[in-house]
Amino acid sequence: MSNTQVSSQRIAGSRIASLKSWGQGFFWAILLIYALLTLYPLIWLIISAFKTNSEFFSRPFGLPEVWHFDNFVRAWKSSKMATSFFNSVIVSVVSLVLTLLLSALVSYVLARFKFRLKGWTMVFFIIGMLIPIHSTLVPLFILMKQMSILNTYWALILPYTAFAMPTAIFVLTAYLATIPKDIEEAAYIDGTGLWGVFFRIMLPMSLPALSTVTILTFLHSWNDFSFALVFISKSTLKTLPLSISMFADGFQTDYSLTLAAMTLSVLPTILVFLLFQEQVMKGMTAGAVKG
Amino acid sequence: MKKRFILALAIAVCVSLLAGCGGGQSADNDASGGKQEKITLTLWNNWSGQDAKAVAMRKILDDFKAQHPEIDLQVEALATDGLKTRLRTAAAANEMPDLFVMWPGAMTKEFVNGDLLQPIDDFLNSKPEWKNNFIPNALDDFTVDGKTYSVPMNLAPSSLIYYNQAIFDQYGVKVPKTWDELLQAIDTFKRNNVIPIALGNKANWVVQSTTFSTIADRVTGTEWFLKAVAQDGAKFTDPEFIKALTYMQELGKAGAYQDGYNSIDENQMIQLYTQGKAAMFIDGGWAVASLVNTASADLLRNTHITILPPIEGGKGEPQTTAGVVGTGLGVNKKLTGAKKEAALELFYALAGPDGQRATLDSSTLVSYKIDVDKTKAHPLFVELTELMKNVKIVPVYDSKLSSAAVEVINNGLQDLLMGGKPEDIAKRVQDAQAGAVGK
Amino acid sequence: MNASRVRRFIAAALLPSVILYALFVFVPVIWSAYYSFFNWSGIGEAKYIGFQNYAELIRDSVFWHSLKNNVIFVLASILGQVPIALVLAILLHKSNALQRFMRASIFMPMVLSSVVIGMIWQYIYHPQIGILNFLLDALGLGSWKMQWLSDPDISIYALLPPLIWNFVGLYLIIFISALQNIPSEIHDAAKIDGVSGARKLFTITLPMIWGTIQVAIILCISGSLKSFDLVYVMTKGGPAHATELLATYMYNSTFSTYRYGYGSAISTAIVLISLLFIGTSQWLTRRKAD
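Protein chains in written order, with the working numbering: chain A, 1 to 291; chain B, 292 to 730; chain C, 731 to 1020.
Hints should not be assumed to be uniformly reliable.
Here are the computed lysine-lysine pairs in the DSS-like style, where the Cα-Cα straight-line distance is at most 27 angstroms [to be verified]:
1) B:K606 x B:K544
2) A:K80 x B:K375
3) B:K481 x C:K875
4) B:K718 x C:K798
5) A:K145 x B:K375
6) B:K481 x B:K534
7) A:K234 x B:K631
8) B:K375 x A:K234
9) A:K77 x B:K375
10) B:K350 x A:K77
11) B:K350 x B:K418
Derived from the structure by calculation, the hints contain no laboratory data.
Chain A on its own, in the form it takes in the complex (with noise of 0.2 angstroms):
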């Protein structure tokens, strides 16, 4: 190409930079709006939490004119918030690992061998995740009745797991199908046994996965209510969100307080989606499939 050409092409081409740059810049806006609206609700309890119940009533939304921090101390100390974060974390937590270690044995058994029921298996599993928690309360509460271990952190953590079994199993399945086997075929060879393949090759490589598993599990036993309320009739091992729905009674809701104790609450959820989310995209970029 002569000069000139490259130096008009290039023009051209500047001019046509700055105007998609231009677009660009404009759709990136519309983004970070969208991301912002998607913030607002939960910046909107969040200040909320601060107001007092009469002007949550005459001015829902807008600043509190003073910042009452003292809900969040009133909500923590009259629900024994403390009593039941720490239950919650207990119970959410091992359902967490008995569910990832669980259902990734079965994963990796599902995605990796041939063996007769395979089929049947799977969709043994999968039927759980069509089922109407509510439909299964009152079995569910004679049935651990039965096995004594109704008011006890069993209640919530068995439960919790075999519900969450499905859909992490499902996930985890279809993950493990993309993965090409060659690693763990060199393994095999290289004389690592079937369990040393599991716990050193595939649960690393599922690392997305298992984190995609794990905000889901984690959400769904941290925030679960319907469990919590039937099984456990002791108020020391009372979680979360019953300590929160003490303040909403039928005919009365302290705000104040409601939204103060739904402000704690979420934290941690948010801390372990932050934590976690930085797992699903670094496991790609560390090129861990790749070799």
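Fit chains B and C to the supplied structure of chain A, relying on the hints for placement.
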């Protein structure tokens, strides 16, 4: 690395869990050390909030615990809806707690049918001054087949008009003493862009309990209603019921309510009133506590309470309001011996004369004959008690109807206010009640 | 690796999960289906009535109306959440701070419990003091104001924005990890071949993540058909059953009207209908090559 970390975490958690479980066990076995075995009592209630009554009840429980170190009292406080769900599930599995807050009427009947409660007649009869000091008919809704299973711990008139005198004065409206005056008042307010009656019917029992039950009673009379409930000599397709529905619909058509009332709940309904946007709202006696908590002092001074006006040609008594005696405590059928005695003692602490007094002092109406302490109570509450002295309670629909019919009428009223046909709705209610009664 | 070792491994891997799941999920579901053949109030005796509950179900207009609402949810999810999440995923797959912030914000609604979401949106839709009507007024579009959650004709549609808002983040994350899973060799090959932009999107990117899209669709369907929390908190299925969903109807039948047998019939129907929908979607989105 990751695997070991996860494994370690899992083990640590399991150990702490087992420790937790083990800890629970040893606390129970502790009793073997002392002379007397500690009696464990479980109580489920809905005194979980920060409202005055819940606080008062919790104080009684604390006092009881202090006075009775030999009783291990395990209390579970839940919001009303949660309590009901848990009670139902426990009932299905026959795992009721020792004592629990119970609603009169349909719920009591169901629980008696399911063989879950034991009657307290002997206990009541052993304390005649207590038994006889309840307002007339207070124990009826807790009595099934001649046996009484509880006493009411409060009183819930459900149909009171709370109005803002200042707004009334501003537009020259007088407190309506007839149905037509009510419609006129509504019209005046509408024309001046004031919401005549704030309504929050999201929980769909609101219209039925607070307004319709009274209107229906005014039109049909109580006797007819009770017969229709029993499906014995009256049906919901009778003309008087259709007339009642029509009156209700008339209220809606007159524009009494603000737009979108079916998506607002009770709290937000009161909110509209406290913001000065509505001239009136119709709610139960329990709303006094809400108002006192959220309204400005100015508004409270201007707020007064009255009942719905009479309806001409109606068979019902005019000085009445729909309502129900309040909740009581159910006693588990399986209690015997020392445990039963302890439970009844707790029952007496909560529902006996002292308990009723504590409830009244917390600005909650009771079904017991005691006078309010005017020095302690809020003026609005005092006004309410004075009003109640001259007003009789007639049954609120959802305390007498079968739960299936209650669902139907709640939904039906929403339908009615949106323009549904009274005859269709009447028929649906009739079918539901007939089906439930087994006819 | 001999066959028996493999078999033992498979058994060891599957057994604990199968037992736990069978005991805590499968058994209750079967039990619940068993109750559907009875007339039971939940307390006291149960009367066997065969398929009567199901016969009533078929004639029950509220049931069909609820089903219709669920279908609306399913369609809104598949046609709303999935495409929006897909588009956002394609736009937001880089790792710079701005994009991370936006991804986090879009996902944020997922961490909120449905009680919180319900309350927030109730206030947005509030007919008198809600922000939506307020904005419409401010923009001079006052005539577009409606009773968003009260009007039986539009209330079910008014529930769609909170639903989509709630779940877009989830699918966003799923799609992003799928997109980033595409080996860089593919991208390189595409560059060499000169394929880019829209053509690349449709001929390379989308087909590569088709499996994930199928997964997302199934999650959508199963989630929408058993959807309960959000609607229950916002409208309880009202007014007058206008926004009733299968799951809320089942809940009311079981816990409000004491018709436990009937509620069980509804929940069994939910499972069967879900199976039907998923089967259909799988068949519709199947690909010839694998």
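Hints, one by one, checked against the model:
1. B:K606 x B:K544: Holds, at roughly 24 angstroms.
2. A:K80 x B:K375: 22 angstroms, holds
3. B:K481 x C:K875: 19 angstroms, holds
4. B:K718 x C:K798: 25 angstroms, holds
5. A:K145 x B:K375: Holds: K145 (chain A) and K375 (chain B) sit about 19 angstroms apart, inside 27 angstroms.
6. B:K481 x B:K534: 25 angstroms, holds
7. A:K234 x B:K631: Distance ~21 angstroms between K234 (chain A) and K631 (chain B) Cα, so the pair holds.
8. B:K375 x A:K234: With a Cα-Cα distance of about 16 angstroms, the restraint between K375 (chain B) and K234 (chain A) holds, given a limit of 27 angstroms.
9. A:K77 x B:K375: The hint holds at about 25 angstroms.
10. B:K350 x A:K77: It holds: about 17 angstroms lies between the C-alpha atoms, which stays within 27 angstroms.
11. B:K350 x B:K418: 24 angstroms, holds
Of the hints listed earlier, there is not a single one the structure fails to meet.
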